[in-house]
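Asks: Chains as they are written, first to last, in the working numbering: chain V, 1 to 222; chain F, 1 to 222; chain A, 1 to 222; chain S, 1 to 222.
Derived from the structure by calculation, the hints contain no laboratory data.
Heads up, a few of these hints could be off.
[What the hints assert, rightly or not] Far from chain S, by Cβ distances over 10 Å, these chain V residues were calculated:
1. 23
2. 84
3. 161
4. 192
[What the hints assert, rightly or not] Where chain S lies over chain A, by a calculated footprint (3+ residues, C-beta under 8 Å):
5. 95-101
6. 123-133
Where a beta carbon is used, it is the ideal one built from N, C-alpha and C, also for glycine.
Number of protein chains: 4
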Amino acid sequence: MPSPLILINLKTYNEGTGHRAHMIANAAQIVAHESGVTIAIAPNYIDLHPISHHFMIPVYAQHVDASEPGAHTGRITAEALRTAGATGSLVNHSECRLTLADIDAAVKALHAQKLIAVVCTNNEATSAAAAALAPEYVAIEPPELIGSGVSVSKANPEIIQRSVAAVHGIDPKVKVLTGAGIQSGECVKIAIELGTDGVLLASGVVKSKEPGAVLRDLVSQL
Amino acid sequence: MPSPLILINLKTYNEGTGHRAHMIANAAQIVAHESGVTIAIAPNYIDLHPISHHFMIPVYAQHVDASEPGAHTGRITAEALRTAGATGSLVNHSECRLTLADIDAAVKALHAQKLIAVVCTNNEATSAAAAALAPEYVAIEPPELIGSGVSVSKANPEIIQRSVAAVHGIDPKVKVLTGAGIQSGECVKIAIELGTDGVLLASGVVKSKEPGAVLRDLVSQL
Amino acid sequence: MPSPLILINLKTYNEGTGHRAHMIANAAQIVAHESGVTIAIAPNYIDLHPISHHFMIPVYAQHVDASEPGAHTGRITAEALRTAGATGSLVNHSECRLTLADIDAAVKALHAQKLIAVVCTNNEATSAAAAALAPEYVAIEPPELIGSGVSVSKANPEIIQRSVAAVHGIDPKVKVLTGAGIQSGECVKIAIELGTDGVLLASGVVKSKEPGAVLRDLVSQL
Amino acid sequence: MPSPLILINLKTYNEGTGHRAHMIANAAQIVAHESGVTIAIAPNYIDLHPISHHFMIPVYAQHVDASEPGAHTGRITAEALRTAGATGSLVNHSECRLTLADIDAAVKALHAQKLIAVVCTNNEATSAAAAALAPEYVAIEPPELIGSGVSVSKANPEIIQRSVAAVHGIDPKVKVLTGAGIQSGECVKIAIELGTDGVLLASGVVKSKEPGAVLRDLVSQL
Chain V
1 MPSPLILINL KTYNEGTGHR AHMIANAAQI VAHESGVTIA IAPNYIDLHP ISHHFMIPVY
61 AQHVDASEPG AHTGRITAEA LRTAGATGSL VNHSECRLTL ADIDAAVKAL HAQKLIAVVC
121 TNNEATSAAA AALAPEYVAI EPPELIGSGV SVSKANPEII QRSVAAVHGI DPKVKVLTGA
181 GIQSGECVKI AIELGTDGVL LASGVVKSKE PGAVLRDLVS QL
Chain F
1 MPSPLILINL KTYNEGTGHR AHMIANAAQI VAHESGVTIA IAPNYIDLHP ISHHFMIPVY
61 AQHVDASEPG AHTGRITAEA LRTAGATGSL VNHSECRLTL ADIDAAVKAL HAQKLIAVVC
121 TNNEATSAAA AALAPEYVAI EPPELIGSGV SVSKANPEII QRSVAAVHGI DPKVKVLTGA
181 GIQSGECVKI AIELGTDGVL LASGVVKSKE PGAVLRDLVS QL
Chain A
1 MPSPLILINL KTYNEGTGHR AHMIANAAQI VAHESGVTIA IAPNYIDLHP ISHHFMIPVY
61 AQHVDASEPG AHTGRITAEA LRTAGATGSL VNHSECRLTL ADIDAAVKAL HAQKLIAVVC
121 TNNEATSAAA AALAPEYVAI EPPELIGSGV SVSKANPEII QRSVAAVHGI DPKVKVLTGA
181 GIQSGECVKI AIELGTDGVL LASGVVKSKE PGAVLRDLVS QL
Chain S
1 MPSPLILINL KTYNEGTGHR AHMIANAAQI VAHESGVTIA IAPNYIDLHP ISHHFMIPVY
61 AQHVDASEPG AHTGRITAEA LRTAGATGSL VNHSECRLTL ADIDAAVKAL HAQKLIAVVC
121 TNNEATSAAA AALAPEYVAI EPPELIGSGV SVSKANPEII QRSVAAVHGI DPKVKVLTGA
181 GIQSGECVKI AIELGTDGVL LASGVVKSKE PGAVLRDLVS QL
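The whole structure should be built from the sequences, with the hints applied where relevant.
Replies: As structure tokens, then:
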């Protein structure tokens, strides 16, 4: 079984921007090295290039537009992500929803650049639909767990299990991340036991005064 | 084999609004009666209720919002469509794209009202994804055929065949409509032979001076 | 001084749809007749045409698209509103935001059909900007008052006064509605004293068991 | 009279990304130094920080989101632009339209970071509306001139003059850029004579094999 993925979304938190993004990346690199677990981060666009070059951990964009290079002011292309050194990108995060046509085009644009696509979804049906687009990962963010402080293991483990089954029913090669309700190493362990291949989390790490300690806890039961 | 569906989208064409929508509905009802083929129309919101009540043919909305009844100014709910007498609704038309989450919610909202969902898509991958949401119909509108005047049978029959296969690979109960490249009864016949369950068309009927004659031609080879 | 306008937005509330929309329209017509105050309602698209024809009060759409008649599936045009008998339309409601370019195009499309434009805004600066587009009305909905149950007179009368001044500084012919924080006839009176030409309200009337009684209270101090 | 501004939008052209963005910035810096004219560039997000630090010319973002730092995945904040060394940002470019409320919030977010706002508009009315939001610049992009290859001086100089008058009628401190129809130094000269304070252009410089030569021509008649 491959190592699970711990993917930290820095969003546009002040605590995850500029030198503080570098501090989190540094903590992630250290804990990844200690534990052997893959820890990746998704900084804002401005920090993407420097963090990709200063650290050995995988770096993801938070969003990519479906458009090709050209007359598309204010957009971020897969080409730009690749030249910045990114490993891949989130697509269709709950805070940055895309049309179905654009999700498909974004996945294809990432793949044309040999980048990894992590498509975010909100339930079993949309997870199955996303799997039909053949991304590397589907990240399930049940709305009732986003930012709730409620652990997925206590709240609603069935939604994760059913979504994993739905995704693998469409395409067993697509991996699944648990994208909400992760508070601790215990939650990560349960998420993996429920059949997922890792977790997507944000404020729990980013807003912590000791990101390294939080990351150590998250990987402690793997 | 059930009768195919001929679904006429009136869009917001002047030629498909008000009394001219009624004339097209009347022609559709006559040709449907003559031929035994199901002909449905999708008028604008204003004409939906009167046309549903004046004619016996199925009437679809052109769009439905994912929102529940409540504080949602300017939206159109599945509840409102049902009370207007609609049979179902287009969802995610190429001129009215929705997020994946909203397509899923719109299909569920239609089903909660016992209405039929026709989800529009643009290629093989998005057709498969839409099928995972379990609508009654997926309508494939290949962008290279929309408004092109090019017949699907001559241009690119493979995209239709592959999309039908992709949809049925996900869920064989989901029916498929050909949503672009239909010019004539010959095109309709070929679309059905390619495995689809009907066609979605617009300007060819709506902008014709003789909608009845066009409709008669469309069903002539079924 | 012309009579103030009381504009009731039915949104997509179940309590403001179908026959219940007709009941509210009927109550509005009776109270308008009794009081001499202009009371208008904005029903959903489906109810727009029947209500326009069954009642003598002004009827507004909740939204209008900027697009011309044509290949615009799922849109609602100013032409369709006019043929439905509408008096005008809300534009850019806080629940249905538009781009600046589309607000301008919607106002122009309404005016081309001799319809009245009520552009909604959220603060002093956007009220001034909206006034530059020359609609008949700007309706200010301060976000801190929307759905708050807090009366504009107690919360923040200055924002109304400053917005009226900002609008009239741009174009004194543009009238101003208070679009949030209206709970009672006392609030309406204060809103008028603050320089506005009427009020835009929703749930207070729509969700009431006795819309007629609420409307009578609203106009009681004019 | 202050020096006019020549602002080059690199969009997401391949020719304006990565090392080619640096080459254009270098050419801009040389020509600005030679001529005394202010030449600024707007690269994509990834190139914003390195170009701001390697060159002395003003650097603008192509877009900024209205949101504050926080849980806003995939967005670009004014705070991030400031820490990247930006001078300001385009807002509401024709390829990246925003709601009126978001334009206002973006201008305020830029000003809170001491950054310059360049709000793009499409006609006389929206230019006046934008001026009411008090940005430093309004950049008028008449749709009929965008990417047309037609010079503003030959096509429709009145739209520029009327828009300048409309902007200054609202707020004489707001400067105006001509945002389309600029092909040559002759066009720049005419744009200035029509009352604008500079030009916004893109492909003419970005897609040229010799950006320096094009820039020299653009400033040649100032």
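Asks: For every hint, state whether the structure bears it out.
Replies: Hint check:
no.	hint	verdict
1	23	holds (15 Å)
2	84	violated (5 Å)
3	161	holds (26 Å)
4	192	holds (24 Å)
5	95-101	holds (count 5)
6	123-133	holds (count 9)
When the structure is compared with the earlier hints, a violation turns up for hint 2 alone.
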